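*Asks:* Chain by chain, the residues run as shown.
There are 2 protein chains.
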Amino acid sequence: MSGQKVADQKWKIALVGSGNWGSAIARLVGKNVKERSDHFDTEVKMWCYEEDFEGRKLTEVINDKHENVKYLPGVDLGDNVVAEPDLAKAVEGANALIFVIPHQFIAKTCEQLEGKIAKGTHGISLIKGVDVKDGQIHIFSEVISERLGIECAALSGANIANEVAQDSFSETTIGCRDIDVAKKWQQLFETEKFRVAVSEDVVGVSLGGALKNVVAVAAGLIDGMKWGNNAKQGKLTDRSLDPARLGSQAAIMRIGLLEMKRFSLEFFPGTQPDTFVQESAGVADLITSCLGGRNHKVAAAFVTKGKSFEDLEKEMLNGQKLQGVETAKELYHFLETRGRQDAYPLFTFVYRVAYEGVKPDTITAHI
Amino acid sequence: MSGQKVADQKWKIALVGSGNWGSAIARLVGKNVKERSDHFDTEVKMWCYEEDFEGRKLTEVINDKHENVKYLPGVDLGDNVVAEPDLAKAVEGANALIFVIPHQFIAKTCEQLEGKIAKGTHGISLIKGVDVKDGQIHIFSEVISERLGIECAALSGANIANEVAQDSFSETTIGCRDIDVAKKWQQLFETEKFRVAVSEDVVGVSLGGALKNVVAVAAGLIDGMKWGNNAKQGKLTDRSLDPARLGSQAAIMRIGLLEMKRFSLEFFPGTQPDTFVQESAGVADLITSCLGGRNHKVAAAFVTKGKSFEDLEKEMLNGQKLQGVETAKELYHFLETRGRQDAYPLFTFVYRVAYEGVKPDTITAHI
Chain A
459 MSGQKVADQK WKIALVGSGN WGSAIARLVG KNVKERSDHF DTEVKMWCYE EDFEGRKLTE
519 VINDKHENVK YLPGVDLGDN VVAEPDLAKA VEGANALIFV IPHQFIAKTC EQLEGKIAKG
579 THGISLIKGV DVKDGQIHIF SEVISERLGI ECAALSGANI ANEVAQDSFS ETTIGCRDID
639 VAKKWQQLFE TEKFRVAVSE DVVGVSLGGA LKNVVAVAAG LIDGMKWGNN AKQGKLTDRS
699 LDPARLGSQA AIMRIGLLEM KRFSLEFFPG TQPDTFVQES AGVADLITSC LGGRNHKVAA
759 AFVTKGKSFE DLEKEMLNGQ KLQGVETAKE LYHFLETRGR QDAYPLFTFV YRVAYEGVKP
819 DTITAHI
Chain B
459 MSGQKVADQK WKIALVGSGN WGSAIARLVG KNVKERSDHF DTEVKMWCYE EDFEGRKLTE
519 VINDKHENVK YLPGVDLGDN VVAEPDLAKA VEGANALIFV IPHQFIAKTC EQLEGKIAKG
579 THGISLIKGV DVKDGQIHIF SEVISERLGI ECAALSGANI ANEVAQDSFS ETTIGCRDID
639 VAKKWQQLFE TEKFRVAVSE DVVGVSLGGA LKNVVAVAAG LIDGMKWGNN AKQGKLTDRS
699 LDPARLGSQA AIMRIGLLEM KRFSLEFFPG TQPDTFVQES AGVADLITSC LGGRNHKVAA
759 AFVTKGKSFE DLEKEMLNGQ KLQGVETAKE LYHFLETRGR QDAYPLFTFV YRVAYEGVKP
819 DTITAHI
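If you read the protein sequences in the order shown, they are chains A and B.
Just so you know, the first sequence maps onto residues 459 to 825 in our numbering.
Just so you know, the second sequence maps onto residues 459 to 825 in our numbering.
To be clear, the hints were calculated from the coordinates, so they are not data collected in a lab.
Quick caveat: nothing in here was measured; it's all calculated off a predicted structure.
Every clue listed holds true.
Straight line, CA to CA, 30 Å or less: simulated DSSO-like cross-link-like pairs of lysine-lysine:
id	chain 1	residue 1	chain 2	residue 2
1	A	Lys651	B	Lys765
2	B	Lys651	A	Lys765
3	B	Lys651	A	Lys763
4	A	Lys470	A	Lys528
5	B	Lys591	B	Lys817
6	B	Lys755	A	Lys651
7	A	Lys755	B	Lys651
8	A	Lys779	A	Lys755
9	A	Lys574	A	Lys489
10	A	Lys489	B	Lys817
11	A	Lys574	A	Lys547
12	A	Lys591	A	Lys779
13	B	Lys779	B	Lys528
14	B	Lys463	B	Lys577
15	A	Lys651	B	Lys817
16	A	Lys787	B	Lys651
17	A	Lys787	A	Lys755
18	A	Lys523	A	Lys468
19	B	Lys787	A	Lys651
20	B	Lys772	B	Lys591
21	B	Lys787	B	Lys765
22	B	Lys489	A	Lys817
23	B	Lys492	B	Lys468
24	B	Lys566	B	Lys577
25	A	Lys651	B	Lys763
26	B	Lys651	A	Lys817
27	B	Lys755	A	Lys755
28	A	Lys817	A	Lys763
29	A	Lys817	A	Lys779
30	A	Lys468	A	Lys641
Next comes chain A alone, as it looks inside the complex (with noise of 0.2 Å):
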């Protein structure tokens, strides 16, 4: 597509992934793409790992009643949404891509593509988290433009799946180094409730929505601590007792908010700090995060149940990992690579609590 302005490109677009998240984008790009037919093809393909749903193959019930009857049951996501079990044949002629799978299966699903995408196709990343291996940190845009060699941007932002699929009000925000290519992503996802704001600063967008996982469960041992403290404060009448602990769960958020923001500052020069404290893709995201979603929940459990992280994770998320903690984790030795962990103390602090058995109602000594 070289030579052509981008805003006069016609879009055909794939999803690559079609989970809670990915169908409640499905079906606003496919709005969207209907009644932008000048800019897009109207036919959005997405790509769903097939598997059996009451006896049959789940992209056929798709296909057939329009709808995502498994990870977004109830809502139509319109008949120009196609269900394709065939990754290949999913991304088939499409010029523009959005990947929106669980990050583990990124390294697979990107082998499955090597080869097949043409040069100057666009990507965008909604896979949240980061990639920690030998020492060093990618954000997924970087780990598919690699492998795929192609542009890859990033959309972040403080977006709840099922809200976004019934048009409750929420923003969001594209990290894209040309801003010409935000600019047509933000008119392919764009809706009166769903405000997209676009930005240069792809590594903020991206980092935002790993580390606030990471402050999210620091929030959720807030939490978990304020029923064993508010048990303990019998002499409290009903009156002054204040259940919410609201004061210590935003104390929790904002230093949170600063730890993110001057570490992508100190690992990742460039990165622009009003990503962190004005767009979607920080404060709003670590706020919707830090009071709901499964790092909270657990972390909560992680008190008051007072079993360890793995046992809850298998109690609680079916066996899989919790984000917030794999996350300090990774950034834990990351920074004790370099020295610097104490310069993290809240971050440090999860990953001592998870991991090395520190107590988290001694958070005020550590952070």
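Given the structure of chain A, go ahead and fit chain B onto it with the hints provided.
*Replies:* Below, chain B without anything else, positioned relative to chain A:
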């Protein structure tokens, strides 16, 4: 006290005010002056508007039980915090005054204090809100400063009185132009669990605490709408429902925070942008107010009950005015005079919902 270094001065503290927050602060200050008796006189006077409590005078009960049985029951204030019903006596001999009264009592209190305060006395205002008169906005630190002829700092942050009284972890910000004086105040208030940051930005610290109430009203409106909305979404299964609307709340907080910052920079040149996006008096206080508190609660009821704010104030606030709605009106008139109301769409939206019958669910058409 001129000529002597602030750090070497011995401060004698009086609190002007003794409500829920005033009592929580009196307890902290009482503990600290004992531990730091080389810097502070160990007796703390607390002016207390006299009232009847179960047949006795409230000040007598406080001084007898060392507990503010009416406004902070169940919490030991310490025997060196002395309630005093006579304002002039309470401040006599004090060279450091903590103002912590509802804003509607400032004028009258200052009137009673005029001429009684020695030059060089240090003041700090813990009063939330702004004073809007004749098309001008003043922070209360300034009002106190001008009326009494003393320097007046400001303390504001994500502080819930009952949490602070329980030594739950939280943070606050002191704004004070003289950094040595700021550090002395910090020494007076800070504990391991109550973290105090200092800043020279008196105005930013004060505005944060006032403007956040308007954003909290918007957050409450969103919270009120979610119930209605979920009820309408009967088709969605339980699994896909997300009653929290966290993404919408986070979006409102983010947009509100930036509007607060923009407003302050436009009309109070010299305000530090970081105060809003990085300090407890900014982002953290905003978060607590948007998740709890009366502005949020009454605004949610405005949507669910369909009554006017005036009626809800009578029902829910015992006739008191709702600060966020009041501030929205004051800001609107301030902005309108300058033709700038459209530059602050969230503030203006809250005003229009409260006073002009604009429907809360049209929010995305306004902001």
